[in-house]
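*Asks:* Chain A is fixed; fit chain B onto it per the hints.
Protein chains: 2
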Amino acid sequence: MQAKFKNSVSLPLKNVKINDGFWSKYIDLVRDVVLPYQWDALNDRIPGADPSHAIKNFKIAAGMEQGEFYGMVFQDSDVAKWLEAVAYSLETHPDSELEKTADGVIDIIEKAQQKDGYLDTYFIIKEPENRWTNLCECHELYCAGHMIEAAVAYYEATGKKKLLNVACKLADHIDSVFGPEIGKKRGYPGHQEIELALVKLYHATDEEKYLKLGKYFIDERGNKPYYFDIEWEKRGRISNWTGRISNRPSKNSEYNQTHLPVREQSAAVGHAVRAVYMYSGMADVAAETGDAELLNACRRLWNNIVSKRMYITGGIGSQAYGEAFSFDYDLPNDTVYAETCASVGLMFFANRMMHIEPKGIYADVMERALYNIIISAMSRDGKRFFYVNPLEVVPEACKKNQTKFHVKPERQKWFGCACCPPNIARLLTSLGYYIYSKNDSTIYINLYVGGEVETELNGSKIKISEDTQYPWDGKIIMKISLKEEKDFDLALRVPGWCSNASVNVNGKNIQLYSKIVDGYATISRTWKDGDTIELLFTMPALRVRANPKVREDMGKVAVQRGPVVYCLEEADNGANLHEIILPKESQLRVEFDNDLLGGIPVIAAEAERVNNNWGDQLYRANTSAEVYKENIKFIPYFAWANRGTGEMTVWVNEK
Amino acid sequence: MQAKFKNSVSLPLKNVKINDGFWSKYIDLVRDVVLPYQWDALNDRIPGADPSHAIKNFKIAAGMEQGEFYGMVFQDSDVAKWLEAVAYSLETHPDSELEKTADGVIDIIEKAQQKDGYLDTYFIIKEPENRWTNLCECHELYCAGHMIEAAVAYYEATGKKKLLNVACKLADHIDSVFGPEIGKKRGYPGHQEIELALVKLYHATDEEKYLKLGKYFIDERGNKPYYFDIEWEKRGRISNWTGRISNRPSKNSEYNQTHLPVREQSAAVGHAVRAVYMYSGMADVAAETGDAELLNACRRLWNNIVSKRMYITGGIGSQAYGEAFSFDYDLPNDTVYAETCASVGLMFFANRMMHIEPKGIYADVMERALYNIIISAMSRDGKRFFYVNPLEVVPEACKKNQTKFHVKPERQKWFGCACCPPNIARLLTSLGYYIYSKNDSTIYINLYVGGEVETELNGSKIKISEDTQYPWDGKIIMKISLKEEKDFDLALRVPGWCSNASVNVNGKNIQLYSKIVDGYATISRTWKDGDTIELLFTMPALRVRANPKVREDMGKVAVQRGPVVYCLEEADNGANLHEIILPKESQLRVEFDNDLLGGIPVIAAEAERVNNNWGDQLYRANTSAEVYKENIKFIPYFAWANRGTGEMTVWVNEK
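Line by line, the protein sequences give chains A and B.
If you read the first sequence in the working numbering, its first letter stands for residue 41, the second for the next number, and so on.
If you read the second sequence in the working numbering, its first letter stands for residue 41, the second for the next number, and so on.
It is possible that some hints are incorrect.
Identical copies look the same in the list; a pair holds intra-copy or inter-copy alike.
When the alpha-carbon atoms are kept at most 30 Å apart in a straight line, the in silico DSS-like pairs for lysine-lysine are as follows [claimed, not checked]: (1) Lys669 x Lys348; (2) Lys673 x Lys695; (3) Lys673 x Lys624; (4) Lys65 x Lys140; (5) Lys440 x Lys264; (6) Lys291 x Lys453; (7) Lys46 x Lys501; (8) Lys264 x Lys439; (9) Lys526 x Lys440; (10) Lys669 x Lys695; (11) Lys519 x Lys57; (12) Lys200 x Lys448; (13) Lys501 x Lys225; (14) Lys624 x Lys669; (15) Lys44 x Lys453; (16) Lys155 x Lys252; (17) Lys202 x Lys501; (18) Lys200 x Lys151; (19) Lys448 x Lys348; (20) Lys54 x Lys515; (21) Lys624 x Lys695; (22) Lys695 x Lys348.
Source of the hints: derived by calculation from the structure; they are not laboratory data.
Only chain A is shown next, with the shape it has when bound in the complex (with noise of 0.2 Å):
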């Protein structure tokens, strides 16, 4: 079957080298130290770290070691997610060593699965009679769901059959449960997840079962009768997490976006990383079905999302309650939750609506999550992270008002639920992913990245070597090597926050006003051998400011440069960071601190402070505030808290 909306797909990961100035390190980094400490972390060797004991479960489960089940429900996905990531890794980065330890978890793993295809170390280990008898809850399918992701990239990587035959098993097991034959049940996941990787499976296999059986999960999804209530009535209305009496889950059914069909649904609700892993998934059963209905949701959704409910870093998720969206325009930047992994998310559902309609919307969105959330979240260590991203801190905060706990002004270790780290490896490790697409006539450069591509347009093999300081520096520099000319268009984004662009082909500039259509830029061209693009971005400094009805942000201005947001921090800037107005008229210079993670540029600005010699005064009558003139220092967003705990705000007052 031919996918039927697709514009665009991915290049294969091996046919994309990166060697950046910027990524290189945070790719390196995850190979050489976060993939290592996670697989130390799956073994339970961190000291002082919540035990994760991940490994220990296939392991029992397999039959190869006595125990009991421990860690969360969904434990079994740290080790697919860990998986996935090293096949990437091994994609572009062949290592036998690590090879070798994949291959062994992989026998473990298949060892672990039973013999009617079942797969879920939980189920196996401490319920085996309960089996598919609280998907609301229980996260089978979303663990299955990883399990698949792996699966197929680990095949992909090394060509081995060995987990993509586990994953069959186990896709044609639930198969045979799930559907909406009679005798089958009408279940679908409390955590979306499977949906995107079943497509993957059909992709993988060319099995267009798995391409049904995802559809099926978003077409079930929200129907009536509602079967999260019906099976809560079959299990006695007892909750998985407590052992006692639950609510009815339909009265929470906005939570895991169960409340409407998906193609009814127009907000972006609930739990954020079921979101869009769901819309993900949508976005793919659309493009291989041509469901025009599922894709208009899509583009609802992600719109929703995209003008009222997303942070200026990329972040979603308004509030730690639920993990989860709130309403539109509702945007706190200190009781935020903007979770590590909803921005993973988002990026996949940004990469699937790019490869469906060529709109630079997506690949800025993506360039949002990634040159903020995704990087700051990670440690220049590799072994600490940060699940939540907020946009304002006051340690004390913190500590001290409840609707901060769930922010820390630090980094944390390993957790006991550890979703985020081996998310962060596995987007850092596919990153060749979101840079190029094809059609057949047009390769797509979404996202400006050093390195080298190759590829083949109807027979000819067509590479693309690119040099840029990207984000720091807006020129990008490539060359195009072919053996014959080529008549083909190459598609350069242009992002949104430029407004000034320029391109020269072969030192001769190109017109770009008319080329520039939805955020790209489109050469056509018979291009040779040698032929040399120069792209140049301006790149100031910016002053962005929210839209008025996001209350939090009113009288704020927040700093940007190229796709990196940047942020006022404790430690150039002293406490009490609120007290700082930027004037509109002060100008924001680019300077570069030589000691600052190794070197980057900052942005300087005068600016003024209030007063605060208030002494025991609380409230003041018909007296204005003092200010006095102060230099400010903005630094990237994503290197924050880098120097101690301190206060971070990404919005700054302005008058």
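*Replies:* What follows is chain B alone, placed relative to chain A:
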């Protein structure tokens, strides 16, 4: 024993006649509607409201009815607080029917009291074997405190001793169980209240043992070894609330102010109602015993509240979690708690401090709480109440962002936990206690309320009548009635909000400048019958700003006139109140609104509104927001939420 640190005392309620354009209708409302309504509620006769069962619990405990205990573990206190309010009402406004009803309740209470003096219907009915085993959670001493307060008030109002005898028997029983003596428990209440009640009982009976017992509870609190941990271990670590193993109480010792011996406390922490009830008891004990260390602790705690932890409305408690204080200058307007009861308790504390030392700040704070929180918290029909008193409300946020779920945009009916309505009732019926105070040489006028007071100074009868439109007008006319000439000081409080006060005595202006000390203008003279004092406090609309350390109020202004804080409401100004900007130079015009709540002064101003017509743009670079002019209207904060559900804000953006 002579009180050691008392500068002045309240006058008996029966000597203070309130006849005031502003207050009389509230007091009448309490008498005519609130008390009967609460009586119905206590007897479960309010359709649609949560059942109270409070009277029934007493009947069951008295053996008059069969049944089970129902309600909160402190349900008894609702009856006690109602009785106390009834007593105050009877003292100024005799009503034989109401007195008969109260006598009937007292008969039941007397029957419910156990032979040894014990009285708490929860334990009498449900767990007689577990009396006094869980002070931390179970409110026995709290309920006892309220019963004692009711008994003293009823005795003072009616001269009847039945309930006073019950209270003495109960206090004697408590005295036999708790204390520093060998064989007694070294316990103290989980919810403070009995301390101040025991000092009242001491005054009513002249029995020093009650003062001693109250002092013991103050002295013992927060000592090591930690009593709540000890009793928790003894009862097998089980929580009364959940029936399951609970956290070690010392982990949460700030919640009930047991983290330190009270004399070492400097910051107002934990549950705000517990805190101010305790500080009131501390002030009582310090005043009676001359304990300078204890008084200094009271001063420190007072100062911490009013200079760092109090909303402009007189609300205290910055977070819903634990209904608690958070930290210095943390005064979020939208996630606020500011429980009504906490402001009632703050008035208790202020009144006691005012009697210890005559400083205007105490009455200033009483005024803040009284004219803003207290009367705002009750609906105009006396049947609905605010428990939480926000300074900024967006109704959608109250439903969709959990940090604001506790904030209600509309007053609520009688709750399951009905602490606030009877607290308002007992405060308003005893308002006379707060208006005047005296010592041998001075009569203090602390609040300006129309009416008449009669008192004696060294054997001379003095009557002062007062006529005023306060708080809408700053003119107060007082007339002195005397049998014979009398030398005494009249100390007139000059409110903290007033920057221009003048006084005429018999039409002759008195030079005030040198006479105002600590917020009181003291006029010493030989007063004659018929002397007339005309006080004039200039009362313009003020722009009030918060200390710059208050993050949430930075760049914002509040409007206050006299003691009344104003707010913007959606009904007058449309939604998105945060988009309104009040220029510094814009004039605040006091206007009279005939339609609002029977006619009250409102404040009009010309402001700007930010144009929010940004379409789908969520963030925008380098373009300032457009603004257009708009007339805005402020109404008194206490008058909000009377015209449908909508937004409200006290703090308004300023430029």
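*Asks:* If the cutoff is 30 Å on CA atoms, where do Lys440 and Lys264 land: within, between, both or neither? Let me know, please.
*Replies:* Between copies, since 24 Å is at most 30 Å while 44 Å is not.
*Asks:* Reference check for the pair Lys669 and Lys348, CA-CA at most 30 Å: within, between, both, or neither?
*Replies:* between (35 Å within a copy, 26 Å between copies)
*Asks:* How would you label the pair Lys673, Lys624 (within, between, both, or neither) given a Cα cut-off of 30 Å?
*Replies:* Intra 16 Å, inter 29 Å, cutoff 30 Å: intra and inter.
*Asks:* Within, between, both or neither: how does the pair Lys44, Lys453 come out at a Cα-Cα threshold of 30 Å?
*Replies:* neither (44 Å within a copy, 57 Å between copies)
*Asks:* If the cut is 30 Å between Cα atoms, do Lys202 and Lys501 qualify within a copy, between copies, both or neither?
*Replies:* neither (32 Å within a copy, 103 Å between copies)
*Asks:* Please sort Lys695 with Lys348 into within, between, both or neither, judging by C-alpha distance up to 30 Å.
*Replies:* both (25 Å within a copy, 26 Å between copies)
*Asks:* Checking an output row: Lys519 and Lys57, CA cutoff 30 Å. Within, between, both or neither?
*Replies:* within (14 Å within a copy, 93 Å between copies)
*Asks:* For the identical chains here, do Lys448 and Lys348 meet the 30 Å Cα criterion within one copy, between copies, both, or neither?
*Replies:* both (25 Å within a copy, 24 Å between copies)
*Asks:* Can you tell me if Lys54 and Lys515 fall within 30 Å by alpha carbon in one copy, between copies, both or neither?
*Replies:* within (26 Å within a copy, 85 Å between copies)
*Asks:* My question is about Lys65 and Lys140: at a cut-off of 30 Å on alpha-carbon distance, are they close within one copy, between copies, both, or neither?
*Replies:* Only inside one copy: Lys65 and Lys140 sit 24 Å apart there, 84 Å across copies, limit 30 Å.
*Asks:* Please sort Lys46 with Lys501 into within, between, both or neither, judging by C-alpha distance up to 30 Å.
*Replies:* For Lys46 and Lys501, only the intra-copy Cα distance (22 Å) is at most 30 Å; the inter-copy one is 96 Å.
*Asks:* 30 Å Cα cut-off: does Lys673 pair with Lys695 within a copy, between copies, both or neither?
*Replies:* This pair counts as both: shortest intra-copy Cα distance 17 Å, inter-copy 24 Å.
Checked against the numbered hints listed earlier, the structure breaks hints 9, 12, 13, 15 and 17; every other hint is satisfied.
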